[in-house]
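Asker: Residues per chain, in single letters:
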Amino acid sequence: MTMSEKRESPLAKAVRETSGVVLAECYQCGKCTAGCPMARYMDLTPNQIMRLAQAGDDAALERLLSCEALWYCVGCLTCAQRCPRQLDPAAVMDVLREMAHRRRKIPAAARKILAFHKAFLATVEWGGRMAEIPLVLRYKMNSGDFLSDVFLGPVMLAKRKLPLLPHRIRGRAEIRRIFATCRKGTRP
Amino acid sequence: MKTEKADVPTPTTFEPRITAFVCNWCTYAGADLAGTSRLQYAPNLRIIKLPCTGRIDPLFVLKAFENGADAVLVSGCHPGDCHYTSGNYHARRRWTLFRKLLALTGIGDDRLFFSWVSAAEGQKFADLVNDVTAKVRKAGPFQAAHPGRKA
Amino acid sequence: MKTLGYYPGCSLSGGGIELDLSVRAIAKVAGVELREIEDWNCCGASAAHSLDHSLAVALPFRVLALAESQGLSEVLAPCAACFSRLKGTQVRLTRSPELGQRMQELVERPYNGTVRILNINEFVASLLAEGLAGKFTRKLGLKVVAYYGCLLSRGEDIVTSDDAEDPQGMAAAIRVAGCEVLPWNSSNECCGGGFSMSKTGSVLDLSQAILDEARAVGADLVVTGCPMCHSNLDMRQLELLKRRRVPGALPILYLSELLGLAAGLEPGALGLGRHFIESRQLVRGGA
Amino acid sequence: MARIGVFICHCGENIGRTVDCPAVSAAAVRMPGVVHSVDYKYMCSDPGQQMIKKAIVEMKLTGVVVAACSPRMHERTFRAAAAEAGLNPFLLEMANLREHCSWVHADKAAATQKAIDLVRVMVAKARRDRALRPIRVPVEPTALVVGGGIAGIQAALDIAAGGKKVVLVERGPSIGGHMARLSETFPTLDCSQCILTPRMVEAASHPNITLMTYSEVESVEGFVGNFTVTVRHKARYVDPAKCTGCGDCFNKCPLKNIPNEFDAGLGMRRAIYVPFPQAVPNKPVIDAAHCTMLQKGKCGLCAKICPRGAIDYKDQDSLVKVKVGAVVLATGFQLWDHAAYGEYGGGRLADVIDGFAFERLASASGPTGGLIKRPSDGKEPKTIVFLQCCGSRDDKAGKKYCSKICCMYTAKHAMLYRHKVHDGRAVVFYMDVRAAGKGYEEFVRRALSDDGAEYVRGRVSRITRKQDGTLVVRGADTLAGRPVTIEADLVVLADAVVPRPGSEKLAQIFGVGYDQDGFYSEAHPKLRPVETAAAGVFLAGACQAPKDIPESVAQASASAAKVLGLFANPELEREPIIARVNRATCAHCRACISACPYGAAKDFDVLDRAGKVLRTVVDVNEGLCQGCGTCAAVCRSHSVDLDGFTGEQIHAELNALL
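Residue numbers (my numbering), protein chains in the order written: chain Z, 1 to 188; chain U, 1 to 151; chain W, 1 to 287; chain Y, 1 to 658.
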């Protein structure tokens with residue numbers, strides 16, 4: 001056990017146990033922010049997220065869980081690839097995003113993204129596979145984003161890109177059970 | 001610092017006793033470096049310092065087993081790196097022969113270890129001690145395998 | 001005949017169907033049988049990963065367990081995202097036997113970790129090794145930029161067959177297909193990934209930068225291996241054209257489509273007719 | 001009867017924290033032969049030493065065991081104290097409770113048990129120690145300095161000024177090292193050549209200094225005071241005795257396009273060349289790898305032109321042996337190869353250069369005559385981005401450590417650039433500015449305030465080249481909390497400082513330790529920063545750790561002082577650890593003679609009074625024996641033993657572990 005692990009905050013402990021990242025090892029060089037394709041849209045840059053997570057106090061946690069940036073991580077792996085400390089800021093953001101989701105602290109600007117993720121998972125839970133038409137319908141219901149992309153659907157159908165009837169796998173009861181167990185909060 | 005956890009002895013587990021013959025110039029200094037670097041390793045090893053591995057008389061090794069060691073480690077300078085030009089070379093040559101003789105008595109690779117550790121290799125020394133300790137722990141007490149011995 | 005496990009993933013039966021068609025087509029040309037994993041499920045993609053770290057491992061775990069129980073030791077996952085999820089899970093399981101134990105309990109299926117996952121570039125390389133180039137009949141003569149995006153270049157334990165900062169896994173195949181590979185910087189830049197619908201603006205910005213550089217270096221087309229990248233560069237290009245943010249249409253093809261064309265297959269059979277940006281003019285008499 | 005005193009040191013809390021010192025003391029007093037045992041906070045302090053001295057006298061001790069730090073640290077200290085109290089110093093032994101016990105174990109019970117065992121072993125040994133007298137050997141008062149950079153030159157000059165001879169060995173064709181390549185030096189902006197070249201000339205002309213350029217150390221034999229070093233003189237193909245340095249040869253050589261290493265590849269040289277006009281010696285060498293005469297037997301132009309007939313294509317490497325009493329290693333550094341950073345172009349972008357290349361661009365004697373021109377097209381860059389910590393402080397692709405000199409030279413680069421290109425923009429990406437030298441912080445402030453360098457706090461993620469040759473630098477401004485993209489014409493990477501290639505091999509030749517990065521290890525990080533674990537071998541300059549010029553020069557002078565101190569006495573003492581033969585039992589099997597690495601074991605005729613040979617045995621020459629003990633181990637009749645490590649002692653130590 002290293003010194004940094006002994007003296008860590010509850011947040012740092014949660015982050016380490018779920019993502020393997022020891023927050024104290026970040027030296028704030030900013031290479032994650034420099035390479036992040038989404039940093040320009042973020043209200044907190046990746047290195048600021050790492051810094052606040054290092055601080056780990058209540059005020060820091062509040063800012064972290066209510067920021068938009070958590071939801072803007074696109075999962076491109078650039079930050080982890082180039083981090084000179086071999087850390088994975090995106091994995092830290094995953095942990096924080098899950099916390100934010102559990103506490104229902106979703107900033108308005110991120111609601112569309114959450115709506116999309118939820119719609120996506122709902123179709124998988126229902127049939128075992130993602131199905132685009134139900135996904136889009138559900139997403140639009142959840143997000144209220146009715147106007148965008150209305151022209152694309154018909155084109156996609158015309159190009160025979162979308163199957164009208166989604167495929168449902170035989171093992172969908174199994175899939176639903178997996179979803180239910182995960183929802184109860186099993187740690188991997 | 002990311003080092004292996006030191007094996008902390010508990011009364012219920014078998015704690016191997018390992019005797020190490022190390023040379024003054026390389027491995028002893030490497031062990032010093034492990035210390036100054038605060039690397040943690042298993043507390044089962046007892047070092048006998050010699051000027052050079054070339055000084056090791058095969059009788060020393062037999063004596064160590066006779067006196068209750070569960071394993072013996074010999075460690076000196078890397079080949080070509082001997083403080084005394086070629087002492088470790090002589091040690092290695094004798095060692096190969098000696099090892100064959102010991103194998104006849106049933107003392108094999110799980111009891112006798114040989115490794116090169118230079119003055120710069122603190123981490124290697126710590127890893128070596130942990131590795132040897134783990135292997136001997138697995139092999140069990142020497143006495144059990146060789147009831148004829150004294151201790 | 002060589003047999004390979006096949007995990008099409010959800011996109012390949014919907015928006016990314018051209019990838020499915022062309023992969024199956026070139027496998028057939030090369031004499032490789034693709035055996036689809038029976039009753040496979042979605043890998044969870046970025047949605048599961050974003051919201052539930054258990055689910056993000058459990059869904060790919062079921063796929064790996066199915067493949068193993070069906071005797072498939074090597075599985076092709078042409079979709080870059082599916083590949084990254086499946087192989088990423090495989091890597092984590094290798095590292096942590098404890099995680100494997102928990103997943104076996106959660107998913108209620110055994111898995112011994114024997115399945116090897118291939119991405120499209122590794123698959124194509126194996127087809128070339130099997131002599132696919134010998135079947136090429138059509139001279140394409142196109143100038144190509146190879147676009148790997150994120151998930152065919154990065155993930156140090158995942159994309160083990162390529163260099164994250166200078167990926168080359170498609171280059172040999174493109175050259176064998178009679179095309180020139182142009183050097184460019186965007187080969188491993190991000191297109192905006194899964195935010196096509198939920199954060200369209202960022203996808204437009206990022207995809208535009210990629211299309212701009214492709215045009216600046218003089219490419220006739222962009223070749224990719226990822227359905228998400230394809231959708232962002234192809235479908236979203238319509239909007240960039242409409243807003244006049246790009247000066248003209250630039251075709252986006254899957255690597256497997258390009259190879260199918262080189263093998264003399266009909267553009268339509270490979271799915272070229274289903275792209276948003278017309279690409280059939282790339283082969284003479286194709287349009 | 002042995003009367004052993006045991007002295008257990010807490011070392012502040014260093015030992016006391018994990019080892020129960022009073023318990024060790026209580027156990028020690030029950031060990032056979034021990035008459036006195038005590039523990040104390042700092043045994044090495046004056047009161048601690050007094051405690052030992054007093055006990056030696058009052059308790060009439062016949063042996064002492066100090067259980068404290070490593071004997072490599074303080075054995076000398078305690079032996080000196082014992083001698084002052086009238087005890088032969090070789091009757092004192094140390095048990096290593098700090099480096100080998102308290103620092104490496106966390107469990108107090110286990111550590112204490114181990115400490116007791118270690119003390120018991122040393123008590124067993126001390127009981128069988130014999131009084132020994134140090135051996136005196138003559139000292140060869142000549143020093144070898146390896147490396148002809150500023151550190152090596154300074155060390156050589158200081159030793160020579162002290163009246164002792166120096167052999168200065170340099171691998172390249174000229175001395176001067178990296179300092180000769182620099183434009184101006186921080187924080188004074190002195191012209192580097194102007195302050196260095198007089199010293200180079202002085203080193204070459206000093207009667208006490210023998211210069212051996214284009215030479216490398218091949219092997220070493222012997223010990224402090226008496227080393228025999230074999231130096232390989234590489235073939236120059238130019239006879240320096242005949243050559244006048246007129247330059248006709250290298251002005252006529254038809255091979256013009258060999259990148260000159262001295263100019264970081266930005267300038268070109270011929271196959272026969274001097275690396276730079278101010279070289280010392282100012283005599284050319286032929287680069288055999290490129291010369292068509294040496295490769296293909298065609299050309300021979302330089303030989304035809306040379307008015308003195310100095311060219312010799314048949315020249316060969318030669319080996320020279322030099323006898324020296326001390327060695328200064330000053331092999332210096334080089335810059336890490338940033339090709340490992342694929343995200344910065346992997347070494348493939350011509351306009352992404354390292355710090356030395358920028359020095360050559362900025363140097364009046366450089367390939368551009370001091371004009372800042374970028375390598376790809378010779379254009380004057382209007383924006384330069386400087387990246388600090390390139391490869392430094394990077395556990396993943398680079399080096400863990402801070403390279404120390406980059407903050408300062410980057411500030412200097414930005415300053416020089418702004419002095420030369422008034423409308424130019426200098427942007428520096430940094431993580432921290434480490435300017436802890438005299439006048440250094442002020443210098444960096446000047447770069448910012450007076451010379452308008454723009455400092456951005458953050459690392460750079462990627463450098464790409466656009467079609468038009470512009471470099472796109474994507475970095476972060478962590479203080480503003482935003483990513484920044486800068487279009488630049490030139491990028492200068494402050495690559496990490498790393499040891500020279502081959503430095504590890506040289507360390508092995510001299511028996512010097514080195515760290516995981518290949519930097520040489522000093523004997524003690526605080527108190528013996530110039531010495532090494534190998535007696536008589538000293539360190540100067542960046543071969544030990546990244547250093548700037550004043551630090552390198554200071555360490556060089558310190559090593560010179562150490563050498564002169566060593567040479568101040570015509571003889572030196574060494575430990576009397578030598579082998580002895582029992583002539584009565586020696587069977588003259590000669591196994592020891594074939595095993596001895598030093599030729600110290602020799603045949604010896606035992607004569608009767610009439611001078612007739614009674615029998616032949618083996619004898620050990622005290623002057624030659626170095627005490628490895630191999631002879632003792634191979635002796636079948638146990639007739640050879642080693643003072644300080646006798647068979648009896650080692651058996652006793654093993655019995656103490658029973």
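Hint data in this document are derived by calculation from the structure and do not stem from the laboratory. Please read these numbers as outputs of a predicted model, since none were measured by experiment. Treat the hints with care, as some may be off.
To be verified - Far from chain Z by the CB rule (all over 10 Å, computed), these chain W residues: (1) His53; (2) Leu59; (3) Ser161; (4) Asp162; (5) Ala164; (6) Glu165; (7) Ala263; (8) Val283.
What the hints assert, rightly or not - Incomplete in silico selection of chain Y near chain W, CB under 10 Å: (9) Gln334; (10) Asp337; (11) Tyr341; (12) Arg348; (13) Thr464; (14) Lys466.
Glycine included, each C-beta is placed from N, C-alpha and C at the ideal position.
Asker: Which hints, by number, does the structure contradict?
Answerer: 1, 2, 5, 6, 9 and 10
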